[in-house]
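Enquirer: Sequence:
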Amino acid sequence: MMHAPRVRALESRHADLETRIAAEGNRPRPDHEAITRLKREKLHLKEEMEKLRRAH
Numbered sequence: 136m137m138h139a140p141r142v143r144a145l146e147s148r149h150a151d152l153e154t155r156i157a158a159e160g161n162r163p164r165p166d167h168e169a170i171t172r173l174k175r176e177k178l179h180l181k182e183e184m185e186k187l188r189r190a191h
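Position one of the sequence shown corresponds to residue 136 (our numbering), numbered consecutively onward.
The hints are simulated quantities; they were obtained by calculation from the structure and are not laboratory data.
Possibly wrong hints are sitting among the right ones.
To be verified - Under the rule of at most 20 Å between Cα atoms (straight-line distance), these lysine to aspartate or glutamate pairs were calculated in the EDC-like manner:
no.: 1; residue 1: Lys174; residue 2: Glu146
no.: 2; residue 1: Lys174; residue 2: Glu185
no.: 3; residue 1: Lys177; residue 2: Glu146
All chains should be modelled from the sequences, with the hints used to inform the complete structure.
Expert: Right, dumping it as C-alpha cells:
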C-alpha cells in the first residue's frame, strides 16, 4: 500500500490529539475552545485517513 506510511503518520498524530484532548479535559479549568479546536483537527485527520484507505 503506497499510502501506508502516510496513514501511520496520521494515526500517530490522531493518537497524540486524543491524549491532548484528554489531558485538557482533566484540567481543573479546561480550555473548551482548545478542546474544540483539537477535536476538529482530530476529525480532519480521521477523514483524511479514511480517504486514503478508500483510495487503495
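Enquirer: So, for every hint listed, does it hold in this structure?
Expert: Verification of the supplied hints:
Between Lys174 and Glu146, the direct Cα distance comes to roughly 14 Å. Compliance with the 20 Å bound is thereby established for this hinted pair. Only pairs whose Cα atoms come within 20 Å are accepted, and Lys174 paired with Glu185 is accepted, the gap being roughly 16 Å. Using a Cα cut-off of 20 Å, the hinted pair Lys177 and Glu146 holds, with the two alpha carbons roughly 10 Å apart.
Every hint, counting from the list given before, is met by this structure.
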